[in-house]
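Following the hints, position chain E against chain B.
There are 2 protein chains.
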Amino acid sequence: MVLVHPRNPLNIGAAARAMANFGFEQLRLVEPYRVASDEARSAVHAEELLLAAREFATVGEAVADCHVVCGTTALGPRELNVPLYDLEEAAIRIRKARGRVAILFGSEKFGLSNDDMSHCHWLVRIPAIPAHRSMNLGQAVAVTLYSVSRRREHAVVEASSKADAGSNERIVQLLLEALGESGYLKPPSDASQTLKTRRLIQRMGLSAKDAEVVQGMLRQVLWKLHKM
Amino acid sequence: MVLVHPRNPLNIGAAARAMANFGFEQLRLVEPYRVASDEARSAVHAEELLLAAREFATVGEAVADCHVVCGTTALGPRELNVPLYDLEEAAIRIRKARGRVAILFGSEKFGLSNDDMSHCHWLVRIPAIPAHRSMNLGQAVAVTLYSVSRRREHAVVEASSKADAGSNERIVQLLLEALGESGYLKPPSDASQTLKTRRLIQRMGLSAKDAEVVQGMLRQVLWKLHKM
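Order-wise, the sequence lines are chains B and E.
Counting along the first sequence from 1, when you hit position 181 you're at 181 in the numbering used here, and nothing is skipped either side.
Counting along the second sequence from 1, when you hit position 19 you're at 247 in the numbering used here, and nothing is skipped either side.
For reference, chain B alone in the conformation it holds in the complex (with noise of 0.2 Å):
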């Protein structure tokens, strides 16, 4: 579970205990305020998984070991050309994923932003009144722990034949750069395009080897325009 700016301690820490009821180990904090990263240190029932909690600077690190990225929205898909499922479905995948399933929750007050959100292979909603959408993120993270730990009998994660976040972040940057060489973007290439470029190469869903594979073939191909 990885929770991207939280800025309250007390959601740091209800989040945490919602983990512990319902069985979940790893908690990642991507630029967390440190003094509500310090303060939740104390919160009660969940103090291991706190101090285990590790930090990140960019969304990019928290889930680069990760085979499937979720986040969490209570929006619709604004722009992104991304997935969005229901709570109810979107429990029944991330207990069918194959390898590390990362779920992510935006800040209190600004949620995932499209930033956040490109790193995302798909986002769900919890269904909620359409007035009232807005929930407080503790609540937000049981709700959907629970919803996700439900009938789950396979606890033990399997080895994913899919490509970690990691791999296909660097089939991205080469992509980035080939396209830039050859004129196909103007560099400086913006953030819009990374985006996109990243959206593409999750949506290919690659596996572990095709990613190594596209890798090798961007490799040569930049060598190539570089040797020009």
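Do not rely on the hints blindly, as some may be mistaken.
[What the hints assert, rightly or not] DSS-like, lysine-lysine: derived pairs with alpha carbons at most 27 Å apart:
#1 B:LYS109 with B:LYS209
#2 B:LYS186 with E:LYS455
#3 E:LYS390 with B:LYS227
#4 E:LYS390 with B:LYS196
#5 B:LYS186 with E:LYS437
#6 B:LYS196 with B:LYS209
Because the hints were derived from the structure by calculation, they are not lab data.
Just chain E, lined up with the frame of chain B:
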């Protein structure tokens, strides 16, 4: 929803917010700590609900007009001879119930007393890890109300339409040409390389739109490679 002896105003506010999220209207409080219910009045996102909350001196009075009364517990049924259901089944029972249903939550510290439970037709338990059964009150309310409110809805956004075989094959041919130009493949490209590349592209399962984008990228890279 009935909160019995709630102590923490944040929890009353959180409970009210979850009720707003999932479309529940009547909040009843049994002997709340005075300061708790006063402070909760300022909770965000659920002001109306909190203002309309009614207070009662006893559980009996709070549930007097209800047809089904169910109590929440983190434990087993103690000595009470009351059926105990996991939330999943309890939610179905609540949705099917005729008449007004009361869902009771006990205080943060002690849960429902035996006396409180004696008003219940049955009890509901949220399945949690045995070593960490104790849930935060606001989170327990959110999980319960989510479960009761949910309807089986499925994917909101369908994956976009897939590229046809002709479109994929154009990508294969462009890619083979680029790989030949860059020296990744030794020309003349043999049949087995073509098959491998075609399978690779097929496994990507590109959408029609993504296929167009990839073709455009490859054409540009090829144009640059040819210009050398």
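Query raised in the report: Are there hints from earlier that the structure breaks, and if so, what are their numbers?
Result: 1 and 3
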